[in-house]
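In order, the protein sequences belong to chains A and B. Heads up, our numbering is the position in the first sequence plus 229, with the first residue counted as 1. Heads up, our numbering is the position in the second sequence plus 229, with the first residue counted as 1.
In case anyone wonders, no lab produced these hints; they're calculated from the structure. By construction, the Cβ of each residue, glycine as well, lies at the ideal position given by its N, Cα and C atoms. Each hint should be verified, as a subset may be incorrect.
Pulled a few chain A residues facing chain B out of the computed Cβ check, cut under 8 Å [to be verified]:
hint, residue
1, LEU234
2, MET239
3, THR242
4, THR243
5, ASN262
6, LEU263
7, SER264
8, GLN318
9, ILE417
10, ILE420
11, ASP449
12, GLY451
13, TYR452
14, PRO454
15, ASP456
16, PRO554
There are 2 protein chains.
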Amino acid sequence: MSKKLSSRSMVFTTPPNIKSYSSTVGKEEGDGNLSEYFDVIEEDSHFGQDSWEKAESTMQGQTIERAIQKANLSTEDIDFMFSGDLINQCTSTTYGIRDLEIPFFGIYGACSTMTEGILLASMNMDNSLADNIVCATSSHFSTAERQFRFPISYGGQRTPTAQWTCTASGAVVVSHEKKPPYIVGGCIGKIVDLGITDVNNMGSAMAPSAADTIKTYLNDTGYKPSDFDNIVTGDLGIVGSKLLIELLQKDNIDISTQHADCGVMMFDIDRQDKHAGGSGCGCSASILCAYWLPKIQTGELKNVLFMSTGALMSTMLLQQGESIPGIAHLIHLSHDII
Amino acid sequence: MSKKLSSRSMVFTTPPNIKSYSSTVGKEEGDGNLSEYFDVIEEDSHFGQDSWEKAESTMQGQTIERAIQKANLSTEDIDFMFSGDLINQCTSTTYGIRDLEIPFFGIYGACSTMTEGILLASMNMDNSLADNIVCATSSHFSTAERQFRFPISYGGQRTPTAQWTCTASGAVVVSHEKKPPYIVGGCIGKIVDLGITDVNNMGSAMAPSAADTIKTYLNDTGYKPSDFDNIVTGDLGIVGSKLLIELLQKDNIDISTQHADCGVMMFDIDRQDKHAGGSGCGCSASILCAYWLPKIQTGELKNVLFMSTGALMSTMLLQQGESIPGIAHLIHLSHDII
């Protein structure tokens, strides 16, 4: 059963769990801060394929298959899946899962995709319609660069606020075993747009939506930031993380002690020259599966708020003078049933 | 409560209903076969905006607001919404709903979006998390032409199998009133790809997935085609509809009496020179809301299977030699609780 606290916040009184998880990253990401945590660090950025798009599809498909294997399940045991990605029109997902024969709901939340999927899966574990739901996403530096920015061979100069789209994928199997990590609550994202138009400052475009979601969940549940070991955002990077903390301080919410951001965590930023940090759907998805979920599973961490953050823009609309709307979906992860 | 019949098929024993619905179409669509049914036929294809993309956003936003008004609700009464569209990166939706302040799950199912959203909403009405969920989508001839095909001013010759992307939007409010039309069951789509690579023959690319979903639902429930007044597909057009009926006949399933296709229904094809018919997310969404739902509400039709059909491709992957995967999500609509 679930309890609806508001149209956005909910608690799962019989919480679903994350039965298994898997992560894959590329060479650059594997050379960063978290190299010891990932399941697979792939040295070949083409993943054996002849195009970047097929490379990303292959990475996502392999990550999903590994998550299913780690759950000791086969694809036939999966009721359905939620997945999406950044590449027109979510084709890294479509072609990556085409041969898996799993009933499929395509989702689009830009870099918020991982928690959008897990939140939807959790809500759907609460009725009698599913035993095992896969949630996944991916991003690839080279597919994102050529779609959103410049040809890689052009060698364009990056601005200091720019983030580096991670070559990375994460996949989980949401189930209802009595075993941590549990998903004990969540908060649905709402579009927030404070008028940022700089495509090289995505962190600032997404920070207001993350602040809005955190504030809503804390207000609706009565939790304080100190109730959590960590409050984790997807990929705000250095610039967006600073803004997030400032925005919440204006509402007298101080998360500076608990806050961590996957975009900041991924790279050894100065040595690897990654400017404001990492980004991309796969950034928070892979770090969730590599770093956070294992620590919650063992009990090293007891209570974590995790939200992937998405910039719901297109280059076309920015060329037409539009600003960048952000969204952030939150899941509340816990070692114990609350 | 719901009953899971397979990982794909389900029946809703306490079925959600469609509390209200709204449709908007452009001038060409309003000049077609169904002109008397739509809520709004907008003569200005720019919808008062200065770009096609902003026009489509405006159309979708207006359609959603009208559906909410027709339900005698305000946006604050809506728990959350599912929507998506064809335009990179689902921005017709994002910018169209940005100011509505409704908690938002972005979905991507290409032209299958409308039934993907309604199926997800129905599944989520089955727990205690929502009272009113909006599902919507849109497409616009001019946004789709310039993204997927040629500059309109180029005046490219269309092939006989080509379909015309409709300027159209549909929106529904899914609720749990005891009032028809009810959603009494559904079947989650699965990706099917039989190797079609012709981007001007989308109907044939989508027909196999529609056949697969119909067959699965009939097998899982024990229903026969004759149990339904109509079995409706999204936008297979003339070519895809013919293939659908042939594919099912190979499995000894004859839907030729019950079948109707929104892509065939929309235009007076010969007079309007629309080749294989209409297409686009908004095609099946607007016709569902304008034609089918009212007839089920009044009881003129008792039992209808409705499935929007999507081609999950991108121009990039087709340039790389890939084929076009299709998907079709089915909802079972009924005047009575079964």
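These are the hints, each one checked on the structure:
1. LEU234: violated, 10 Å
2. MET239: holds, 6 Å
3. THR242: violated, 10 Å
4. THR243: With a minimum Cβ separation of about 11 Å from chain B (threshold 8 Å), the hint on A:THR243 is violated.
5. ASN262: violated, 29 Å
6. LEU263: violated, 27 Å
7. SER264: Since the shortest Cβ distance to chain B is 31 Å, the answer is violated.
8. GLN318: A:GLN318 check passes; min Cβ-Cβ to chain B is 5 Å, inside 8 Å.
9. ILE417: holds, 4 Å
10. ILE420: holds, 5 Å
11. ASP449: violated, 12 Å
12. GLY451: violated, 19 Å
13. TYR452: violated, 19 Å
14. PRO454: With Cβ-Cβ at 22 Å, over 8 Å, it is violated.
15. ASP456: For A:ASP456, the interface hint is violated, since the closest Cβ of chain B sits about 23 Å away, which is over 8 Å.
16. PRO554: This interface hint holds because 5 Å falls under the 8 Å limit.
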